[in-house]
Amino acid sequence: MRIGGPVAIRNQVYGWLLLTPAAFLLVAFTHYPAVATLAQSFFTQGTALHPSKFIEFENYRFMFDDPVFWKVFRNNAIYSSITVPTSIAFAILMAIWVNEKLPLRGLVRMAYFTPTILPMIAVANIWLFFYTPEIGLLDQILGRFGFQSPNWLGNTDTVLGCVIVLAIWKDAGFFMIFYLAALQSLPVELEEAARLEGASRWYYFRRVTFPLLMPTTLFVMINSLINSFKLIDHLFILTKGGPDNASSLLLYYIYEVAFSFLDQAYASTLTVVLLALLALLAVGQFTILDKRIHYR
Amino acid sequence: MSRIEVVSLVKEWNGTRAVDNLSFVVPEGTFTVLLGPSGCGKSTTLRMIAGLEDVTAGRVLIGGKDVTRADPAKRQVSMVFQSYALFPHLSVAENILFGLKVRKIAAAERDKRLKRVAGVVGLEDFLDRKPAQLSGGQRQRVALARAIVAEYPVCLMDEPLSNLDAKLRGEMRSEIRDLQRKLGMTMVYVTHDQTEAMSMADQVVLMKDGVCEQIGTPDDLYNRPSTAFVARFLGMPPMNVIRLACGAQGCRVAGLESDGSVTVEAGDGWLLGVRPEDIALDPSCGIPGQAIAVDYLGADSVVRIALGEQQIIARVAGHCQLGSGQPIRVSWTPAVQHLFDDQGRRVA
Ligand SMILES: Nc1ncnc2c1ncn2[C@@H]1O[C@H](COP(=O)(O)OP(=O)(O)OP(=O)(O)O)[C@@H](O)[C@H]1O
Ligand SMILES: [Mg+2]
Numbered sequence: 172m173r174i175g176g177p178v179a180i181r182n183q184v185y186g187w188l189l190l191t192p193a194a195f196l197l198v199a200f201t202h203y204p205a206v207a208t209l210a211q212s213f214f215t216q217g218t219a220l221h222p223s224k225f226i227e228f229e230n231y232r233f234m235f236d237d238p239v240f241w242k243v244f245r246n247n248a249i250y251s252s253i254t255v256p257t258s259i260a261f262a263i264l265m266a267i268w269v270n271e272k273l274p275l276r277g278l279v280r281m282a283y284f285t286p287t288i289l290p291m292i293a294v295a296n297i298w299l300f301f302y303t304p305e306i307g308l309l310d311q312i313l314g315r316f317g318f319q320s321p322n323w324l325g326n327t328d329t330v331l332g333c334v335i336v337l338a339i340w341k342d343a344g345f346f347m348i349f350y351l352a353a354l355q356s357l358p359v360e361l362e363e364a365a366r367l368e369g370a371s372r373w374y375y376f377r378r379v380t381f382p383l384l385m386p387t388t389l390f391v392m393i394n395s396l397i398n399s400f401k402l403i404d405h406l407f408i409l410t411k412g413g414p415d416n417a418s419s420l421l422l423y424y425i426y427e428v429a430f431s432f433l434d435q436a437y438a439s440t441l442t443v444v445l446l447a448l449l450a451l452l453a454v455g456q457f458t459i460l461d462k463r464i465h466y467r
Numbered sequence: 018m019s020r021i022e023v024v025s026l027v028k029e030w031n032g033t034r035a036v037d038n039l040s041f042v043v044p045e046g047t048f049t050v051l052l053g054p055s056g057c058g059k060s061t062t063l064r065m066i067a068g069l070e071d072v073t074a075g076r077v078l079i080g081g082k083d084v085t086r087a088d089p090a091k092r093q094v095s096m097v098f099q100s101y102a103l104f105p106h107l108s109v110a111e112n113i114l115f116g117l118k119v120r121k122i123a124a125a126e127r128d129k130r131l132k133r134v135a136g137v138v139g140l141e142d143f144l145d146r147k148p149a150q151l152s153g154g155q156r157q158r159v160a161l162a163r164a165i166v167a168e169y170p171v172c173l174m175d176e177p178l179s180n181l182d183a184k185l186r187g188e189m190r191s192e193i194r195d196l197q198r199k200l201g202m203t204m205v206y207v208t209h210d211q212t213e214a215m216s217m218a219d220q221v222v223l224m225k226d227g228v229c230e231q232i233g234t235p236d237d238l239y240n241r242p243s244t245a246f247v248a249r250f251l252g253m254p255p256m257n258v259i260r261l262a263c264g265a266q267g268c269r270v271a272g273l274e275s276d277g278s279v280t281v282e283a284g285d286g287w288l289l290g291v292r293p294e295d296i297a298l299d300p301s302c303g304i305p306g307q308a309i310a311v312d313y314l315g316a317d318s319v320v321r322i323a324l325g326e327q328q329i330i331a332r333v334a335g336h337c338q339l340g341s342g343q344p345i346r347v348s349w350t351p352a353v354q355h356l357f358d359d360q361g362r363r364v365a
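If you read the sequences in order, they're chains A and B. Note that the first sequence covers residues 172 to 467 in the working numbering. Note that the second sequence covers residues 18 to 365 in the working numbering.
In case anyone wonders, no lab produced these hints; they're calculated from the structure. Hints may be right or wrong, so weigh each one.
[As the list claims (entries may be wrong)] Pulled a few chain A residues facing chain B out of the computed Cβ check, cut under 7 angstroms: (1) Ala364; (2) Leu367; (3) Arg377; (4) Val379; (5) Leu396.
If you're wondering where the values come from, they're calculated on a predicted model, not measured in any experiment. By construction, the Cβ of each residue, glycine as well, lies at the ideal position given by its N, Cα and C atoms.
Looking at chain A on its own, in the form it has when it is part of the complex (with noise of 0.2 angstroms):
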């Protein structure tokens, strides 16, 4: 067969033909909306008498000056800071507990895995009951031992700790399950030749343990690092962003500033940011751990 021969045409024809489908999926619906949020990013906000007009780098210049992002931005640090850990740490421990031989071992790890198939909504349905003054479980439990509690999703101080603490009580099961599929596939002879050697449970899971989980732990924490940028559907329920955005994250400034406030452009500019943002987490936690971990 001659290269470019009609043969070869008919095969290049047929071969884009199948490929057009799917491809124009991908375009209208991922790739031409990013492009767009990119392009809408530079461009002011047009209605119906001011059509909206190209000004390169005001809608970020005038983010830099907008305390409300700041303070977002704030508040998702800190949650992210504190969710991704503590929802690993949990996870491990977890794992570890349920990959033992315990009595009704599938029942206790399906009791963690539990919040994981529940939707956001109805965790923060869950712990509204939790959190509500007066007639919920945390004030009822504290008024009993004569205890005086905080109004906790209404006050600047602890809201944010309230979300914070729903969102590993979502995450940790989820991660548990990653855990227990790689702790299961450790060769229990490790452990016996560790044992033999009278390692201490504590030093086995420093030094072979922690090291031989670690692919598992970039994998789930580039997730729970994502997740904590992208799931707010909590505080649809719980605060909506409130009060004075104490527990607004980033994502949930977005939607406000799209849906809420209407301005399309400054919201593709906040949209613009938490991707680089993300971005850059993602490739730095590669490069830095990737050097460090034991890949079998």
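Knowing the structure of chain A, use the given hints to seat chain B with the ligands on it.
Same frame as chain A, but now just chain B with the ligands:
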């Protein structure tokens, strides 16, 4: 103080017995081999001595102390696992020194021991590698080094040489043996390779289906097998075990007429054992048979012969030129005969 005593040891898994009433003693500083076919409970026995497997019944004593329920760390035993059990993320050196670090042995002493043991197993050039970058045999040697470096009085090894080539295996065999003697270690060594058992052991415990068939020196097992199973298990090629038919006129090879008679006093259905090298081939006198096949091995030939519907093997010097189907007569002197009753137990 490292004599090992195993008393009526039993291990059950959901009702099935992997080890059944096993008893033996390993005197201090000696080398005992647990030998037997695959799945007979060798590893299980070893793991019970190490404390890695719960004992169903019976006792394990090390140095006179009952350690049946003791923690593995308290037993002062080192072990080479059948699957090596190397830590994949640690280098060879770190793997070898793992236990010494656990026990907080000084760095200078660690280095000294590492150097010595690396020399013994020939791993000097690989100390910085990860296990994944080693061949199977090299990994096995790391596992070996990790057990030796502990310098515990008791060392347990589970088929430590199974992945080495013939030459290296021979070398390591004598290395392990020398080391064991030099350090005065009490060694229990699992293998299903009879050459290893015969060449290394002071004492062999031959097992079958969790039951001990015979305990003794390699010499005992080879020259005075106490059951037909032991007789068939040892030797290259193994001993011929021929079924006898005995009546008023004396004993014959079962399935043959009066020309198959043998000079032995036995009951009907008893078994007669003759080593292949003790069988003489002769065209004129002896029990008539037919050659089936000849394997030429260089110094000698292994001839398969049909006696009626039974088959035996003879080992003769030089290149045997018998063709398939050719008639031949076999004979042996009564002195080389082993006699087993119909249950396979040794009679004479
Ligand atoms: N964890 C277990 N659960 C149930 N049965 C087991 C278990 N481990 C071993 N067995 C059974 O116990 C018997 C003895 O096993 P063991 O590993 O001791 O054999 P082995 O003599 O070491 O064999 P090999 O030479 O193949 O290593 C086998 O029949 C095996 O199926
Ligand atoms: Mg085994």
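Tell me, in ascending order, the numbers of any earlier hints that this structure violates.
3 and 5
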